[in-house]
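Enquirer: Please build the complete structure, drawing on both the sequences and the hints.
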Amino acid sequence: MTRSAAPPSPSSGPAVDLEGVTFGYGRGAPDVLDIPRFTVGPGERVFLKGASGSGKSTLLGLIAGILDARAGSVRVLGEDLSALSAARRDRFRAERIGVIFQMFNLLPWLPAGANIVLPGRFSPARRGDGMAALEADGRRLLARLGLDPEAVWSRPARALSVGQQQRVAAARALIGRPGLILADEPTSALDADSRDAFIALLMEECAASGAALIFVSHDGALARQFDRAEDLAALNRVPPGEAAA
5 MTRSAAPPSP
15 SSGPAVDLEG
25 VTFGYGRGAP
35 DVLDIPRFTV
45 GPGERVFLKG
55 ASGSGKSTLL
65 GLIAGILDAR
75 AGSVRVLGED
85 LSALSAARRD
95 RFRAERIGVI
105 FQMFNLLPWL
115 PAGANIVLPG
125 RFSPARRGDG
135 MAALEADGRR
145 LLARLGLDPE
155 AVWSRPARAL
165 SVGQQQRVAA
175 ARALIGRPGL
185 ILADEPTSAL
195 DADSRDAFIA
205 LLMEECAASG
215 AALIFVSHDG
225 ALARQFDRAE
235 DLAALNRVPP
245 GEAAA
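Read in order, the letters of the sequence shown are residues 5 to 249 in my numbering.
Source of the hints: derived by calculation from the structure; they are not laboratory data.
Computed from a predicted structure; not experimentally measured.
Listed below are the simulated EDC-like cross-link pairs for lysine to aspartate or glutamate, each with C-alpha atoms no more than 20 Å apart in a straight line:
hint, residue 1, residue 2
1, Lys53, Asp223
2, Lys53, Glu189
3, Lys53, Glu234
4, Lys53, Asp21
5, Lys53, Asp235
6, Lys53, Asp200
7, Lys53, Asp231
Expert: What follows is the structure, encoded as structure tokens:
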């Protein structure tokens, strides 16, 4: 089956490099994250563990360029996000990062297939050989995730079960072979068999494209499947209970 072309190769430096990063919600509010240093190497697959409310989703938001750090440097795939405008960060994310959001963030009125190929609508790099090739790859990903493409491709996202929506969101993140995958509790709505199949696919796709992966979960039993495991409580100088997810 035709595969879409890969986006431009990331730099030879770290895929993610955070130094002296702090973040808080609102002016004058206390910091919820204070990360002296956090790096992820090119192609490295990192498991990030943290309890609910520890700031895991906030950290991913900083790396994705959705949130602005109060201080410090956030470099992703060789790009200094603090030097980019909000619009340029949005474009960079569309072109280079695949995000599996905890709440899925699908457009409910769009069919599942249209949600999956949406990154290709905004990014020539993710579109690769064209929309037809991208759609073919989207159907391949759905099948690998245990869904029948013919059954769900044209169904509105709002008509899918929670587990189906989560897999559609995963396919959207993987489409077009981005250089970095950020996965926020991506298996929370899956049964054990579907979870294992999803993690296997995620590892295969990252290996095939050379993408780095940050996989966030509270389930420490999954950590052994990754190159490295980190505990956010050890990375964050803000005491537990004062961070926000």
